[in-house]
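*Asks:* Residue strings, one per chain:
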Amino acid sequence: MELYSERKYLIGALIIITSVVFLGKLFSLQIMDPSYKLSASSNVVRRVTEYPSRGLIYDRNMELLVSNKPSYDLMVTPVQLSEFDTIELCEILDISREYLENNLKRASEFSRFRSSVFLKQLSAESYAVLQEKLYKYPGFYVQPRTLRNYHKNIAAHVLGYVGEADRPFIRNNEGYAMGDYIGVTGIERTYENVLKGEKGFRNFLVNVHGQIMGSYQEGRYDTPAFVGSDIVTTIDASLQEYGEMLMENKRGSIVAIEPATGEILSLVSSPSYDPSLLVGRPRSSNYRKLAVDTLNPLFNRALMAHYPPGSIFKIINGLVALEENIVSASDQLYCPGSYTVGTLTIRCRFHKSPVNLPEAIQYSCNTYFSDLFRKILDHPKYGSVTNGYNVWRDHITSFGLGDKLNSDFPNELRGNVPESAYYDRFYGENRWRSLQVVSLGLGQAELTVTPLQMANMTAAIANRGYYYTPRIVKEIKNGTSLPGEFSTKNYTSIDSTWFEYVIDGMEAVVNGPEGGTGRLAEMQSVIICGKTGTVQNPHGENHSVFVAFAPKDDPQIAISVYVENAGYGATWAAPIASLMIEKYLTGNVTRKWLEDHILNADFITNED
Amino acid sequence: MRTNLLKNIDWLTVIIYLLLVFAGWLNIYSTVYDESHQTILNTGERYGKQIIWIGAALILAVTVMLIDTKFFYVFSYLFYSTTILLLISVLFFGTEVSSSKSWFQFGGIQIQPAEFAKLTTALVLARYLNSFPGRINDTRNLFRIGGMIFLPVSLILMQPDVGSSAVFLSFSLALYREGLSPVVIGAGILLVALFILALLLNELNMILIILVLSAFIYLILSRRFRYLFMGLSIMGGFWGIIKATDAIFTLGLKTEHIFLLAAGASVLPYMILVLIHRLKFVVPVLFILFGSLLFTYSADYIFDNVLQPHHQKRINVILGIENDPLGDGYNINQSKIAIGSGGLWGKGFMQGTQTKFDFVPEQSTDFIFCTIGEEWGFAGTFIVILAFVLLLLRLIFISERQRSVFCRIFGYCTVSVLFFHFAINIGMALGLVPVVGIPLPFISYGGSSLWSFTLMLFVLLRMDAGRMALMK
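Chains F and E, in that order, give the protein sequences. Under the numbering used here, the first residue of the first sequence carries the number 2, and numbering increases by one thereafter. Under the numbering used here, the first residue of the second sequence carries the number 569, and numbering increases by one thereafter.
No wet-lab data here; the hints were simulated from the structure. Certain hints may be false.
If you only want the chain E side, here are some residues facing chain F, beta carbon under 10 Å, derived [claimed, not checked]:
| id | residue |
| --- | --- |
| 1 | Gly714 |
| 2 | Gly715 |
| 3 | Ala742 |
| 4 | Val751 |
| 5 | Ile905 |
| 6 | Gly910 |
| 7 | Ile964 |
| 8 | Phe987 |
| 9 | Ile994 |
| 10 | Leu998 |
Anything over 12 Å on all C-beta distances counts as not near chain F; from chain E, calculated [as the list claims (entries may be wrong)]:
| id | residue |
| --- | --- |
| 11 | Lys575 |
| 12 | Thr631 |
| 13 | Thr707 |
| 14 | Phe784 |
| 15 | Phe806 |
| 16 | Leu959 |
| 17 | Glu968 |
All residues carry an ideal CB built from backbone N, CA and C; glycine is no exception.
Assemble the whole structure, with the sequences as input and the hints as a guide.
*Replies:* Structure, rendered in structure tokens:
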């Protein structure tokens, strides 16, 4: 029974040894270590967050677009407050006594022991005066922050803005605390992890008067802050600026892409706003004003507007027909000035007749493309209209339409290329005919695309059959490589040989000797290939649309221009695209008359 | 009989218990105190709730004292099965708190079955070993005891709650007292050491260490250098052959894999050598060798696949693999700042600044020792540690004077669990052991842990008070 009873001593010894180790450690921590000098309650450690400045944002030519400027928040720790001259403090800060009392009360309610913001973003003058007199106000201290500083009043929608992290965000994302700034939209949001940097913490020893006595424990527990990494965007600042200027007093969008890379050269959504409005103390009041503006300047049309593409869609319908061997490029069709089947009549403009495919593009012949679209759907080799429709839809979506492109923007929308099931629901399964959906052939009806998708589609045509996922960031300065999907070619389902026929048509749209629909876009030095669109809509004047790329044989730029309620595509969108191409390829614009024509146009105030 | 019982209660233990509970409540009050809620009996605040838990704990204590010891003996298996059922059902019906399902929620009350599993496991261990005194090292008994402990451990790991399941390891201390072979405990320590080394070192170094270790153990056991040399030569030969094959056919084998292949290939010729020369000890050493290798590989697997990221991080921080002052290392830093800032006499009751609000996390539960250190200084921490040492030594004394094996083992189980919590909780606050998050007995906030510790302690005191009766 008493066999192992000597082991009780070992167990007792283990307990005593453990306690001696603890007491030794406690003795060194609490008594020996001279740096733990926080005797009694007089001194406290103040943990101060060091906020890193966000990464800088450059344009593609390393022109600085966004940097940071210093700002100062006045913090308060209620438990450390003692009596102070409230009148003087109110004067320095230019606040009322009520405001001061309310803020103090709010801070106490938040926490008596933790510091919280008393007054955000002090003015430079207040800060200068306050700094001298801060010793009179124990419990208060100044927290340096940085705010965004915009060097050019452009690209608000691309850059996005920075705001304070809200509670749900903090709950769902590690490493954020109240008062932290985060990117809310645009690049600021997509590249938040790159731009934000890393917060640091410093522990200071503070006496009863709130004066800093020095670093706590020689900084043993401090962690440094790391500034955010810089980002080089794909935006060409001067092109962007020019585009925004051209779109003044118009609603709509311009998106320009470099076809060889998918880099977005400019992305204009009009009307826009001055990005510096959403910085600092006036941010929330300005935001409220922008949010209630009937022209909706916060809405990024380039990514989120669902527009019917209109006649520009004829290009891809032509490609689908060629790929599926429905027609050959030289097959001709007679256009009597309208497409008439039974009671349905689709009007066409007067032009040369009969036309083959390139000519049909040149003249934007409604008759030809109505007929062509029905030929695709009704072709006997598919067995049914539904099957024919599905084949057609697969080709269309291979151009990046009908779904998100997965660019590096946070909130692009998908557009809409209806699935056959949609018409099954609408008309009943197998009870719809090609005639009922014929307006899809002209880019109308349920079809919608975003300006970004239009530009991307044009880039795919310029590349003769593939596109790179469009992106806004060219390089991250900390060496992080961009996701691989940005460097892989997305092939369309159309063979590259077919593109030459439609591109010839697009060339003739702009440069055709016998008159194309986009002659206003013609440039002397460069061959621009384009396609106009004039989209009917029930809410007023037609939308003016133009897509183009140039030069024909070595495309440097693919562009989509969409001007809401402006009229013919040829009159407004085409010259805007042409001016943008000229600006980008040559660096300046020589056709001043054309520029004035655009700048003087106002489609917003006219309306009212 | 009643007066007899009162007389036989070990009042010293009861006094220390009451002191610790009171000290705990004072510190919970201090950490949670807020000017805007000034009543002590505010049941919305933790100090208010803790008063209710304490009251209930005292009622439990008195109730336990009124129950006969036999009751615990007879129903030990029933209690154990009940807690096992609770542990299973908490996995299905439990409330999820910070991604682990450990709690039953009944209205405003939360019950953590893992806390009570300690008590009931201690009871069945005591009951089982009571039937086989001195035969603890029989393989069959070892497996059964292991099973009794492993069952709740694995269920708690599924919650997952690594801290609470680790507590069950402490029963090995009680088993040691009952004669568990130091070899078993040594093997356990070796496994833990290998586990840590496996995380610290790369594969190749691990294999080399295990090889050298095996050779060393063999030398100590057999003292026959010649055969060790022969064995290593055989392995060396295979190593050369495999290395050459690798070079010729460019198989691209990694060095550690060549070592493993060589070790594996040399087993057969070596066994022949063993048969010829009738060598002893070779088989166990080979067993250790390959067992360790297998364990090393499974350690990495367990670490990557079983432990949760925050546990991995904590272990990494303690082992110095990862330096992360804002994450879990940050907790330890802040805890040390708070304790260190207390100085000799502390800042005084409710004057702590570091243990308020977000400076030290979990101040009223797992890190309550920080509040003691900050507000009561070295004087306070000294007294608390002294109280625990006194209590534990007193409980050893009480256990030793039991007349029945059942009571003695239960006593040692109580000592083991209390000691484990004490050592890990304070060690964690001082940055000496990983942050596993288990409460400081009697002091930390929380009903379940207070009740289960109280029950364990008073069941033991009840056994102690009745030990004379048992003799009659």
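*Asks:* Each of the hints needs a verdict: does it hold here or not?
*Replies:* Right, here's what the structure says about each hint:
1. Gly714: Because about 19 Å separates Gly714(E) from the closest Cβ in chain F, which is outside the 10 Å limit, the hint is violated.
2. Gly715: 23 Å, violated
3. Ala742: 9 Å, holds
4. Val751: Where the cut-off is 10 Å and the nearest Cβ of chain F is about 14 Å from Val751(E), the hint is violated.
5. Ile905: Given a least distance of 6 Å, the restraint on Ile905(E) holds.
6. Gly910: 6 Å, holds
7. Ile964: 6 Å, holds
8. Phe987: Where the cut-off is 10 Å and the nearest Cβ of chain F is about 6 Å from Phe987(E), the hint holds.
9. Ile994: Holds, because the Cβ-Cβ distance from Ile994(E) to chain F comes to roughly 6 Å (cut-off 10 Å).
10. Leu998: Status holds, d = 5 Å.
11. Lys575: 26 Å, holds
12. Thr631: 29 Å, holds
13. Thr707: 19 Å, holds
14. Phe784: Holds, since 26 Å exceeds 12 Å.
15. Phe806: 44 Å, holds
16. Leu959: Non-interface label on Leu959(E) violated, nearest chain F Cβ at 10 Å vs cutoff 12 Å.
17. Glu968: Incorrect as stated: the minimum Cβ-Cβ distance to chain F is 6 Å, not above 12 Å.
In terms of the numbered hints stated before, the structure departs from hints 1, 2, 4, 16, 17, listed from lowest to highest.
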